[in-house]
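From the two separate chains plus the hints, produce the assembled complex.
Residue numbers (our numbering), protein chains in the order written: chain Y, 609 to 718; chain Z, 28 to 144.
These are computed hints drawn from the structure, not numbers from a lab. Virtual Cβ for every residue (Gly too), placed ideally from N, Cα, C.
Just so you have them, the derived chain Y footprint on chain Z, three or more residues with Cβ under 8 Å: (1) 64-71; (2) 74-87; (3) 129-143.
Listed below are the simulated SDA-like cross-link pairs for lysine to any residue, each with C-alpha atoms no more than 20 Å apart in a straight line: (4) 38/Z / 649/Y; (5) 710/Y / 134/Z; (6) 650/Y / 39/Z; (7) 105/Z / 48/Z; (8) 105/Z / 115/Z; (9) 650/Y / 66/Z.
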Amino acid sequence: GENVEQHPSTLSVQEGDSAVIKCTYSDSASNYFPWYKQELGKRPQLIIDIRSNVGEKKDQRIAVTLNKTAKHFSLHITETQPEDSAVYFCAAPGYSTLTFGKGTMLLVSP
Amino acid sequence: GAGVSQSPRYKVAKRGQDVALRCDPISGHVSLFWYQQALGQGPEFLTYFQNEAQLDKSGLPSDRFFAERPEGSVSTLKIQRTQQEDSAVYLCASSPRASGRRGETQYFGPGTRLLVL
Numbered sequence: 609g610e611n612v613e614q615h616p617s618t619l620s621v622q623e624g625d626s627a628v629i630k631c632t633y634s635d636s637a638s639n640y641f642p643w644y645k646q647e648l649g650k651r652p653q654l655i656i657d658i659r660s661n662v663g664e665k666k667d668q669r670i671a672v673t674l675n676k677t678a679k680h681f682s683l684h685i686t687e688t689q690p691e692d693s694a695v696y697f698c699a700a701p702g703y704s705t706l707t708f709g710k711g712t713m714l715l716v717s718p
Numbered sequence: 028g029a030g031v032s033q034s035p036r037y038k039v040a041k042r043g044q045d046v047a048l049r050c051d052p053i054s055g056h057v058s059l060f061w062y063q064q065a066l067g068q069g070p071e072f073l074t075y076f077q078n079e080a081q082l083d084k085s086g087l088p089s090d091r092f093f094a095e096r097p098e099g100s101v102s103t104l105k106i107q108r109t110q111q112e113d114s115a116v117y118l119c120a121s122s123p124r125a126s127g128r129r130g131e132t133q134y135f136g137p138g139t140r141l142l143v144l
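If we strip away everything but chain Z, and leave its shape as in the complex, we get (with noise of 0.2 Å):
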């Protein structure tokens, strides 16, 4: 079946733009999950979604930062006022149970890259 997938691929912005990045996971999964990864570097949590409800949003750098996934599927990650700092590649990781302690494989989209000029 199809996998996860993000659009746009790759987003350029000039600093104090708005952007919105989309993530459409794999179909059924109910855990939902935003990644930063800067350039050689593992991906870091932004936050999680167990169906609609955003359960972690600790990883969230800012309060430029700004996830939803209202109807417990597509999810939209939006940047207020980009900066240069959030230039980054983003990632979107979908899984099919409720995560926790014990661990649920994680399936990754493409990602999309931003920079910001």
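So that you can see chain Y by itself, here it is in the shape it has in the complex (with noise of 0.2 Å):
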């Protein structure tokens, strides 16, 4: 089945800087990637997804990169706010579901 690694588990920025989360996955017919957001106490929200026929995708500061030849993609934030403190999750299609990486704490400082 698919296996997805994420990294780091816990980033910590200043209020406008940027944020990097990264992930790999194993199984190379894989072709939708979907972030997932997830605040204390609530549920995950999809906040930005790719498909394998595009490299890059934008939603105002988030945006999602996708390389297929070396099986990683990543979730970028820009200008980053207190507001975007939250839980981020990675997922691949495994067989019949998504397969979640285990998440990144992410912590943004006023």
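Set out below in structure tokens:
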């Protein structure tokens, strides 16, 4: 099955800085890569996703890049704000569902 | 429209009790998933339904865990003879189309936080 590794496990930045979270996957057939944001005690919410026919996708301050050859994809958040503080999960499709990374706790300090 | 809902939001059970957790997916969604999320970890897959058919139950940790979706909408996850290691958040997610290698967006419910004493 799919194996997803996510780094770093924690990330602390100052407000206004950029944050980058990286994930690798094992199955070269995987072609859909979502990112979820989970605030404390809340449900995971999709923030951006990418399919393998593109290398980059942007949505305001958030972008995702995909390198299919190297089997890794990254989440980029620019001009971070305190409300970006949360746990972020990457995922890749397995046989019948998504396999999630272990998460990155992002802390944005004012 | 309404999102995925789950009930109860919190459940405290004594070790050995049976519990039932309910999931109401987004109306019309074909796929329904159950995940277990331990503290500080990502969601771990338990089982997958396509309409009323349980197509994958490979993630259920033991035969004490049972899930059903008899009419292809609401689903129930039942845990028999609960153990302390069952304490976790149980998340339900739904997706508008059948899942598979192509990968589909999943929409999560708020979860049920289960504490087994």
